[in-house]
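**Student:** Residues per chain are reported as follows:
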Amino acid sequence: MEARERMGRLSEVHQHAVEHEIEHGGGHGGHAAQPLFNRWIGVLVAAITLLAGVMTLLQNDASVRAATYRRDGQQLAIQAMGEKTAGQAQVNYALSNLHTVAELNVQAASADKQGDNTAAQAYTALATRISALTPLATAPYSGDLTLYESEVYLVKTTDEQEHAAANQELNEFWEGKSHTYILLLTLLAVSLALFGLATTVTQLGRTILIGVGAALVVVLVVWMVGLYLQPAPNRPDAAIAAYARGVGLANQGKDDQALAAFEEAIKQAPEYPNAQFQRGNENLALKKYDAALEAYNEAVKGGLDTANVAWNAGWAAYLLGDFEKAVQINRHALALNSALVPVHYDLALSLLAAGQIDEARQEYKATMDTATQQVAAAHNGGPALTDSFFDDLDGGQQDLDNLVDLLAGHAHSWAQVPPSKAIAKPTDVAAAAQSLAQQLAELSVALELTSAPPAAAAGAQIKAFQFAVTAADQVTTTTDFAPDFNNPDQTAAPVVGLDSGTYTVGTSFPADTDRVEVFFDYAGVRPGADVLWKVTVDGTEDPTLRRRETWGLGAAGTAVKPISLSLADPGDYTVALYIDSRRVQTGTFTLEAP
Amino acid sequence: MENHDPAGSAPADPAAPGPGGHAADHAPHGPEAPAHGPEAGHGAAADHAPAAGHGAAADHAPAAGHGAAADHATAAGHGAAADHAAAGGHHSDPLKTVLSLLMAIVVVSGAVITWRSTLDGEEALREDTLGLTATVQAQGVQAQANATVYNHYEAYTGYLQHQEVGRLLGQAVTAILSGTVTDPAVQAQLPTLQQDRTDQYEIANTARSFFNPRYLTAAGSYDTKAELAGTLAAAAQGTDLQPARHFEEADKLRGKSTDFLWALLILGGALLCYTLPGALSAGAEGAQARRLQIPFMVLGLLLTLVAIGDALRIELLT
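Note that the protein sequences, when read in sequence, are chains S and G. Residues in the first sequence are numbered consecutively from 1, following my numbering. Residues in the second sequence are numbered consecutively from 1001, following my numbering.
Hints are computed from structural coordinates only; laboratory data are not their basis. Fair warning: this is a prediction, and the values are worked out from it, not measured in the lab. Any given hint might turn out to be false.
[Claimed, not checked] Computed beta-carbon distance windows for the label pairs:
id, chain 1, residue 1, chain 2, residue 2, range
1, S, Ala411, G, Ala1244, 46 to 52 Å
2, S, Arg71, G, Thr1224, 36 to 42 Å
3, S, Arg71, G, Val1298, 50 to 56 Å
Think of the CB as a built atom: it goes at the ideal place given N, C-alpha and C, for glycine as much as any other residue.
Bound-form chain S, shown alone (with noise of 0.2 Å):
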């Protein structure tokens, strides 16, 4: 081959040489052939780095405030824990104050009895002396226990433990900020992962992890800002000390300022389900059912859907007379929380009152089954009754009862009913609430009596009860007129009859009464039956008026009853006598109002 032409080829090949490297890029100083990727990744990772370094501030000062948060509520619970115990200790001594100030007073009016003026007088001059050693005889309080127990701990401790709760709320909002924010960054280091192994492919595959990294890094960076921008919850004080004082004030019975409170509370905080849920119960209270129902909803959709804000709610509904609405509201509170009993018999009095009777036959002896199991267990050592649980049973009958009255034509004012149109099939409705009445007064007396549902029926039989007083018991005189027996409260056979003159028989009596006398004939008793006399007043037990005894008289005569009415308050008296745990007869009076 001539040189010249070997010279060609060497060109060719120094020429194709330089083409490939142009082509395919790199070779000693090839800035210019460097593809465009290699020159961003860089930047790209360094951003991303930039990205973290604020997520991760973020996240940091979100933990801070969360810490923060978590710290104070904490604070404030402990707080108002050792506040309500050092105020409650201060309202124990009042109520001792009271009682010591009460035997002075029983003393002083002895003595005044008796014609013992001086010993009258220092009696009296002692029981104002000692109820000076404490605020709560003394103006502003004159005696009204709930005001002062509102004043020296109820007010502030609610506001500390609304404070708190507050706290904990948004100590919950930050530390799910926090989650999140970690949440971000963990995504984010996936991005970053992404860009990184985009370096070791190349053409489709690259462009695909940069544009699943990029997107990625997008949505995340849309995600921070979003969640940056998310309010935290807002609680103004105004607004608690608001609803502080409206407990305060509910504490005190007067719901008419207490629902006003609420309300003010409610327009600072209108997300504020406490306070909704308050305002519930004061509407109820004042018997504003369709107010109190949509209060209850709100408190739910304000996040508290809670078994007892359900509770509520179906005993408003049921009192409107929307029954279906209240089943079905009960059913909702009982899927929350199974173990509340007063609801299964609010459930079952929905259903009786909707005309639906065979099922709340159904619901009532379930429920009673329960309750004889939970007794039953508690006896053997298992899980304690709650101190409310005979009320709970007392409470399902009365309501029973007052339906029944309601349905024959005479409810009571201070009764909690519904409207009588609303109750299909009135008669076969009386009939079964009344049936079923007797069996939860007897349930409820055998369980706490004996541990045990009640034995069958002893065949004892009590003619309607008279009531009377002497006039010994309407008028203050120096003449001892006690009974003589040894136990005044005991049951006994009548010195005199109700025909000699003595007494004066009726159903209303004037509020300075002392005593009222049950008097009723009675046949086949067992002697040595067990007995217990309950009296309920506007619905609710006196349990000072709780008599138990052992009968000591034959099987058949007159008997009497004595009922002590010193420190009472007017209103409706039913008196129920139980023979070994069965109810075997009731009768009401009225104390009338000074």
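Given chain S's structure and the hints, the job is docking chain G onto it.
**Tutor:** Then chain G, alone, in the frame of chain S:
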């Protein structure tokens, strides 16, 4: 053109003196030919280096580059670039792809496990807080319930005192009325005794308003235990009084968080297995390189599966 010497031996030296002694004319070109080999090789290697970016692919580039350089150096005409391309500068290695995927899986799994571990740790802290709150509440309820119950007990004590005094006075009244006592001085005290008895019973009755008569037993004593238990049971219906379950949950979550970290450690081992062969097999080619990579890859895969399996076990079964 055929590559007779793929090892990159020097081409036929055009500068080699031939007949006629024109070697001097070609001498400058002589060294250029071999110079193309390394240059082309370097260029070819450089081609692959950015494409690889990370270890494994770059490891393979020089071999391909040398092969391509040899092709290029011996090529005398067109098709050198095609030869170069055909010689394996962009040849797709399935093993590299699999390794890349495995590393991606390790990275993503590690991120997820770290996230779960952190969350469980935070949740444990939250449970601790709830447990402390329940402790405070339980103690508060205990203190208040005891204060109330013993306040009632104090009132019952007064009730018992006056009831018993009334009973004793009643016995004296009965003795006089039945004629057992005949002393006139004692008999003269009858109205006073009767009044005193009535007073004692009335004071006792007053005391009944300051305790819960429901807790009076048949024997006449006061069941403080039942009242305390009932008060606490009622409080428990609406308030969390059980810190133990929160603390148990917190301990469980902390254990989970720690267990996740062990899985993370295993993943770290897997990552090491994926990257180690690349460093160890520098210079090795083809089957020799594979003999080193595959065992490590298999080991890494096993460790990856163990770590992910363990993480799933922790998440789903604990």
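**Student:** Hint by hint, say whether it matches the structure.
**Tutor:** Here is what the structure says about each hint:
Between Ala411/S and Ala1244/G the beta carbons are some 49 Å apart, a value that agrees with the proposed interval 46 to 52 Å. The hinted range of 36 to 42 Å is satisfied by Arg71/S and Thr1224/G, whose Cβ atoms lie roughly 38 Å apart. Under the hint 50 to 56 Å, the C-beta atoms of Arg71/S and Val1298/G, about 52 Å apart, fit the expected range.
Consistency note: the structure conflicts with none of the earlier hints.
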